[in-house]
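Using the sequences plus the hints, can you model the full thing?
Residue numbers (this note's numbering), protein chains in the order written: chain A, 1 to 504; chain B, 1 to 126.
No lab work stands behind these hints: they were computed from the structure.
Mixed in with the good hints there might be a few duds.
Simulated pairs of lysine-lysine, DSSO-like, Cα-Cα distance not exceeding 30 Å [stated by the list, open to error]:
1) A/Lys305 / B/Lys22
2) A/Lys316 / A/Lys134
3) B/Lys5 / A/Lys316
4) A/Lys249 / A/Lys164
5) A/Lys408 / A/Lys316
6) A/Lys305 / B/Lys3
7) A/Lys43 / A/Lys97
8) A/Lys43 / A/Lys140
9) A/Lys316 / A/Lys305
10) A/Lys182 / A/Lys140
11) A/Lys273 / A/Lys392
12) A/Lys335 / A/Lys392
13) A/Lys156 / A/Lys175
14) A/Lys270 / A/Lys485
15) A/Lys322 / A/Lys335
16) B/Lys5 / A/Lys305
17) A/Lys316 / A/Lys278
18) A/Lys278 / B/Lys22
19) A/Lys199 / A/Lys160
20) B/Lys5 / A/Lys175
21) A/Lys408 / A/Lys427
22) A/Lys322 / B/Lys34
23) B/Lys103 / B/Lys22
24) A/Lys249 / A/Lys160
25) A/Lys273 / A/Lys249
26) A/Lys104 / B/Lys5
27) A/Lys316 / B/Lys34
28) B/Lys22 / B/Lys3
29) B/Lys3 / A/Lys134
30) B/Lys22 / A/Lys316
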Amino acid sequence: MPRWICGRWSEGHGWLYIVANISIFIAYFTIPLLLLSFLKRRKNTSFRGIFIWFSLFIVFCGLTHLVDAIMFWYPVYRLNAILLSTTALVSLITVFKLYKLIPKALQLKSLSELENELQRRTVELEETNILLHKRELGFKTLVNSNPDMIAEFDAKLTYKFVNKAILNAVGSGRKSEDFIGKTPVEVLPTHPHTTAFVKNLQHVKTHLEPVAYEVNTEITPGSNFYFFVEMIPLFDENNRFDGVLAITKNVTNDRLREIELNANISDLNKLSKRLDYKIHTLQEFAYIVSHNLRSPVGNLVSLQKLFDTAETQAEKLFFATKTFEVIDGLNNTVKDLSDVVSIDQNTHIERQLLSFEEVLQSQITTISQQIQQAGATITTNFSGCASICYPKIYLDSILLNLLTNAVKYASPHRPPTIHFTTYVTQKGIIVLECTDNGLGIDLEKYGHKIFSLHKTFHNNADARGVGLFITKNQIQSLGGRISVKSTPNVGSTFIIHFNEMDVL
Amino acid sequence: MIKAKTLFVIDDDAIYQLITQKELEQHGPHITCKNYYNGASALQALQELPEPPAIILLDLNMPIMDGWEFLEAYQQLPTSLTQHIQLYVVSSSIDYRDIDRAKENPLVSDFIIKPITSTNFSQILQ
Numbered sequence: 001m002p003r004w005i006c007g008r009w010s011e012g013h014g015w016l017y018i019v020a021n022i023s024i025f026i027a028y029f030t031i032p033l034l035l036l037s038f039l040k041r042r043k044n045t046s047f048r049g050i051f052i053w054f055s056l057f058i059v060f061c062g063l064t065h066l067v068d069a070i071m072f073w074y075p076v077y078r079l080n081a082i083l084l085s086t087t088a089l090v091s092l093i094t095v096f097k098l099y100k101l102i103p104k105a106l107q108l109k110s111l112s113e114l115e116n117e118l119q120r121r122t123v124e125l126e127e128t129n130i131l132l133h134k135r136e137l138g139f140k141t142l143v144n145s146n147p148d149m150i151a152e153f154d155a156k157l158t159y160k161f162v163n164k165a166i167l168n169a170v171g172s173g174r175k176s177e178d179f180i181g182k183t184p185v186e187v188l189p190t191h192p193h194t195t196a197f198v199k200n201l202q203h204v205k206t207h208l209e210p211v212a213y214e215v216n217t218e219i220t221p222g223s224n225f226y227f228f229v230e231m232i233p234l235f236d237e238n239n240r241f242d243g244v245l246a247i248t249k250n251v252t253n254d255r256l257r258e259i260e261l262n263a264n265i266s267d268l269n270k271l272s273k274r275l276d277y278k279i280h281t282l283q284e285f286a287y288i289v290s291h292n293l294r295s296p297v298g299n300l301v302s303l304q305k306l307f308d309t310a311e312t313q314a315e316k317l318f319f320a321t322k323t324f325e326v327i328d329g330l331n332n333t334v335k336d337l338s339d340v341v342s343i344d345q346n347t348h349i350e351r352q353l354l355s356f357e358e359v360l361q362s363q364i365t366t367i368s369q370q371i372q373q374a375g376a377t378i379t380t381n382f383s384g385c386a387s388i389c390y391p392k393i394y395l396d397s398i399l400l401n402l403l404t405n406a407v408k409y410a411s412p413h414r415p416p417t418i419h420f421t422t423y424v425t426q427k428g429i430i431v432l433e434c435t436d437n438g439l440g441i442d443l444e445k446y447g448h449k450i451f452s453l454h455k456t457f458h459n460n461a462d463a464r465g466v467g468l469f470i471t472k473n474q475i476q477s478l479g480g481r482i483s484v485k486s487t488p489n490v491g492s493t494f495i496i497h498f499n500e501m502d503v504l
Numbered sequence: 001m002i003k004a005k006t007l008f009v010i011d012d013d014a015i016y017q018l019i020t021q022k023e024l025e026q027h028g029p030h031i032t033c034k035n036y037y038n039g040a041s042a043l044q045a046l047q048e049l050p051e052p053p054a055i056i057l058l059d060l061n062m063p064i065m066d067g068w069e070f071l072e073a074y075q076q077l078p079t080s081l082t083q084h085i086q087l088y089v090v091s092s093s094i095d096y097r098d099i100d101r102a103k104e105n106p107l108v109s110d111f112i113i114k115p116i117t118s119t120n121f122s123q124i125l126q
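Written out as structure tokens, the structure reads:
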């Protein structure tokens, strides 16, 4: 039954009760709304859960008051019982939640505590800032006073930082601001280094790996500069590409020293080769001297013994005559050897520019009679190399010897034809070739001895075996080489490499 | 009775030939000395003569056919002809390459450096 009936309510008393309950309900309904709007606006508020439980708890309390008022007209006791028990449950849960939250809530700092903390942190931050600034200054000084050119690029490969060394190297009053935010092409479009530099920057960006390379740049005509460039990719905290650090070292002095050192080593090697060659030549000469002097001297000793033991005047005279013959031969040998010694000593004999054609023509004139008698035809092709810087007496002697040999050792079956030609090899060696159609030489048998002293290969009365030996020594003393290709009864080609030592 | 001995002296040096002949004459009348001025004529004689020589003295440096070429041809001769011949290379070369090359040849008894002495002759003729 409605509450108005069940109880002794005065009009005023009853309505006060009802109005009070409804007011409480309105207030209890509004508080959670305000709380929820607060929560909505301050999203980062901790204790969100407890706020919601509080709201539920208050709403349910408000509802019990509303039902309390309604009951004056409708006796909804059963609904009230359910509502009350639900309110009790929500209340208990809220108590439990609150109880569990208390230790956490105790940790929350008070406002003044927070203010102190804030101040302390601000001071700390300022100190750190000052330290950071100092460090940055130190770092900048370090980078700026570094003689290497250091630049930092951002992810778009435009300048982010350049040090003083770069500004000094570029010159013309450029400032750091002229670089920042621009690409190397924009800042230095005409620098000989720029193209390679940009290409390598791109490489670092694409492959995300460091690059190191060296460039040789002619910055001002005639002065070579060598730079060693290192480029390192930079990454941000998320490991994404963030730019490139480029360090350019001027290694010109190192390189120039290295080049000088290499030149010295190469000179030493050349010298060592020349010495080896000289030693070899001297050894050969020792053999030649020994060989050519031992025989006649031995003969002289034996002849003297025979002379001493000879019984008749006629015998003594015979041995004396033989002795004079040996002495004559010995005299010639010593003269030939002296010629060679004087060649080896004359390595600094004056050179002059000589025309092959002119020198050859003068030698042809010298032995024109022999050439005419033999009916020899001489042809030349000096278009490959018309002249050479060489001692005149040597070139005279060399060409005369080649010419004389070709005429002397002509085939009896055909008139001699002699062809002279010159050319320059890829390495820059001047080569002279003299080809004849004469007797030829069996190189398998005589190849190793063809340029030796007193070696003759044909049963030729006026062959003394001196010419080619002298020729070889003249050529060798000036750092050249003579070789021969030959087929018996077809002809020979003598090949002279004049300046082989120069290109070792 | 001392057995007659024939020597081939192969050398282009006429004075050396003369001296060798005189020297050998002093070692007895049973020694016959034959002179050749290059390898070719000596080789021809070896093949034509009824009896081979006991000893050959071979120079190295000669025109037409030198000592090395002679040795090559000599090796091709039948063993019956060469087996009892003592061959000495006699040269004024002191180049070790020549000396080694000669001594390595099994047909060469020894390498004698000129000038050849009386002692050398005595040893050879024993």
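Do the hints match the structure? See the list:
| no. | hint | result |
| --- | --- | --- |
| 1 | A/Lys305 / B/Lys22 | 11 Å, holds |
| 2 | A/Lys316 / A/Lys134 | 115 Å, violated |
| 3 | B/Lys5 / A/Lys316 | 28 Å, holds |
| 4 | A/Lys249 / A/Lys164 | 14 Å, holds |
| 5 | A/Lys408 / A/Lys316 | 39 Å, violated |
| 6 | A/Lys305 / B/Lys3 | 28 Å, holds |
| 7 | A/Lys43 / A/Lys97 | 21 Å, holds |
| 8 | A/Lys43 / A/Lys140 | 44 Å, violated |
| 9 | A/Lys316 / A/Lys305 | 11 Å, holds |
| 10 | A/Lys182 / A/Lys140 | 21 Å, holds |
| 11 | A/Lys273 / A/Lys392 | 26 Å, holds |
| 12 | A/Lys335 / A/Lys392 | 22 Å, holds |
| 13 | A/Lys156 / A/Lys175 | 21 Å, holds |
| 14 | A/Lys270 / A/Lys485 | 28 Å, holds |
| 15 | A/Lys322 / A/Lys335 | 20 Å, holds |
| 16 | B/Lys5 / A/Lys305 | 25 Å, holds |
| 17 | A/Lys316 / A/Lys278 | 46 Å, violated |
| 18 | A/Lys278 / B/Lys22 | 43 Å, violated |
| 19 | A/Lys199 / A/Lys160 | 18 Å, holds |
| 20 | B/Lys5 / A/Lys175 | 110 Å, violated |
| 21 | A/Lys408 / A/Lys427 | 34 Å, violated |
| 22 | A/Lys322 / B/Lys34 | 20 Å, holds |
| 23 | B/Lys103 / B/Lys22 | 28 Å, holds |
| 24 | A/Lys249 / A/Lys160 | 19 Å, holds |
| 25 | A/Lys273 / A/Lys249 | 38 Å, violated |
| 26 | A/Lys104 / B/Lys5 | 137 Å, violated |
| 27 | A/Lys316 / B/Lys34 | 24 Å, holds |
| 28 | B/Lys22 / B/Lys3 | 20 Å, holds |
| 29 | B/Lys3 / A/Lys134 | 118 Å, violated |
| 30 | B/Lys22 / A/Lys316 | 13 Å, holds |
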